[in-house]
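All chains, please: the whole structure from these sequences, using the hints.
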Amino acid sequence: MKLTKILSAGVITLLLSQLSACSTLGVKPWERDVLAKEEMALNSAPLDSRLDDHIYFSKEGSSGGRSFAGGGCGCN
Amino acid sequence: MQLKQLANISAALAAASCALLGQQAQAGTVLDDWQFNSAILLYNETDRVSAGEAILTARGDFGDDKFLNLGLVVDALTGASATGAVAQPYVQSFTRPSGRGSYDVAPGVTPLDDTFHDTRVQLDASWEQPLAPNWRVSGGGHLSKEYDYLSMGLNGSVARDFNQKNTTVSLGLGYSHDTISPEGGIAKAFAPMLLRSSYVDDSSYQAAFDATRDRADDTKDTLDMLLGLTQVINRNWLMQVNYSLSMADGYMTDPFKLVSVVNSNGEVQQNLYETRPDQRTKHSLYWQNKLHLSGSFLDASYRYMWDDWELTSHTADVKWRLPMGDSWYVEPQFRYYQQSAAEFYQPFILQTEPLPQYISADYRIGKMNTYTVGAKFGTKLAQGNELSFRIALYQQTPENDGITAPGVLADVELYEKVTAVMAQLSYSF
Numbered sequence: 001m002k003l004t005k006i007l008s009a010g011v012i013t014l015l016l017s018q019l020s021a022c023s024t025l026g027v028k029p030w031e032r033d034v035l036a037k038e039e040m041a042l043n044s045a046p047l048d049s050r051l052d053d054h055i056y057f058s059k060e061g062s063s064g065g066r067s068f069a070g071g072g073c074g075c076n
Numbered sequence: 077m078q079l080k081q082l083a084n085i086s087a088a089l090a091a092a093s094c095a096l097l098g099q100q101a102q103a104g105t106v107l108d109d110w111q112f113n114s115a116i117l118l119y120n121e122t123d124r125v126s127a128g129e130a131i132l133t134a135r136g137d138f139g140d141d142k143f144l145n146l147g148l149v150v151d152a153l154t155g156a157s158a159t160g161a162v163a164q165p166y167v168q169s170f171t172r173p174s175g176r177g178s179y180d181v182a183p184g185v186t187p188l189d190d191t192f193h194d195t196r197v198q199l200d201a202s203w204e205q206p207l208a209p210n211w212r213v214s215g216g217g218h219l220s221k222e223y224d225y226l227s228m229g230l231n232g233s234v235a236r237d238f239n240q241k242n243t244t245v246s247l248g249l250g251y252s253h254d255t256i257s258p259e260g261g262i263a264k265a266f267a268p269m270l271l272r273s274s275y276v277d278d279s280s281y282q283a284a285f286d287a288t289r290d291r292a293d294d295t296k297d298t299l300d301m302l303l304g305l306t307q308v309i310n311r312n313w314l315m316q317v318n319y320s321l322s323m324a325d326g327y328m329t330d331p332f333k334l335v336s337v338v339n340s341n342g343e344v345q346q347n348l349y350e351t352r353p354d355q356r357t358k359h360s361l362y363w364q365n366k367l368h369l370s371g372s373f374l375d376a377s378y379r380y381m382w383d384d385w386e387l388t389s390h391t392a393d394v395k396w397r398l399p400m401g402d403s404w405y406v407e408p409q410f411r412y413y414q415q416s417a418a419e420f421y422q423p424f425i426l427q428t429e430p431l432p433q434y435i436s437a438d439y440r441i442g443k444m445n446t447y448t449v450g451a452k453f454g455t456k457l458a459q460g461n462e463l464s465f466r467i468a469l470y471q472q473t474p475e476n477d478g479i480t481a482p483g484v485l486a487d488v489e490l491y492e493k494v495t496a497v498m499a500q501l502s503y504s505f
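Protein sequences, first through last, are from chains A and B. Residue numbers for the first sequence, in the working numbering: 1 to 76. Residue numbers for the second sequence, in the working numbering: 77 to 505.
Rather than coming from a laboratory, the hints here were simulated on the basis of the structure. There are no misleading hints in this set.
Derived list of chain A stretches under chain B, where covered just means 3 residues or more per stretch with a C-beta under 8 Å from a C-beta of chain B:
#	region
1	24 to 31
2	40 to 50
3	55 to 68
Glycine included, each C-beta is placed from N, C-alpha and C at the ideal position.
Shown next, in the form of structure tokens:
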């Protein structure tokens, strides 16, 4: 399990360092036509996410990630 | 008909607001700046819990990139929930967690407490605005109340854009204070579940029951932190990586859950109330990608979570939105989740074993995998309104974590699958 943690941390670190090192990433302001679409928003269906988070929070041992893991209900 | 009513709500609210402001009710003068999202979800597990949840959110545009978000959630829950006790080849009797009343469980059947019914109302609000060029801040709070549970929380975040807004770094903090007041009070750690039939009269039973309880309510404080990095990769690819930390301190035991104490032949001698640690620190890494692929939109995410209860999990979630004609879309959805057991999870305890410091037989923190497969269908209506319908099948498959079931337990199902169907109708206006 420790190994999984180290591997995950390694992959993420590598990914982040690649992102910051690469100057070709990103677009010019006039190239945002697709990114501006609501379908491309990170949380494009906020109510769906909210309902899903509530269900999985009640039924599984993990929560959060996308947003806060917090409580808010005594879900059984 | 229902649709028409919903479509009229926006206009009605606009009219009402204008009336309040003493203005002529001209459609769209005030509420043009508000966007409403509503959804109704029905969740139904085979032979277990049924739940209904309704949400209405409103987002008001106050100009200069300032927004007010308001939310109202109402949900109702009813049905049966696994108690944690094991099935037996004979009829078992259980006392309800409140101490009042009892129920019998048939031979070979996983014990379920069928008395769950609760209604919850949640209100939340947040405000967001720019702070300086390339900086945004937000702050908000929530209040959630159900019969035996109250949660109050505050949250805030700050985000900074870099590199022509291609990179965003954000930091969020949240704090919540929860109070639980279960019917019948909170059982002492490892308190036995008493049966009325073991006592000669009500008063001696009640005295013994009261002796198993030591307080009426308890609290939990949770502090959350979320560090996020969003990066535009190219014109068709947006990526986000989050690290989150959640520290909870307080009562995290489920006051309704039991653990069975069995003899060497697997026969239940006693059922005890579970007890969990009063601290938990969770970490997670979340990686999300939004991709535009020749007209379709792919949302793919992965989460790795670990905590000091030694519960770790992997979650993969994929949604692929495919346009169908001019105004319709269909979105297949798939989610897979796998978790390891918390270190104090045990499906039962042997009579000969000494009691551990903590124990829970709640399958939700045992070894388990789940999957959700579903689809969403949506259409754009006039004036940018949107209607969608989502249906999904959710299956939880608890697994044996290498525990040998003695005697009669070998012949009963200790890790029962739970299957649920979810149906959701959403309307944005």
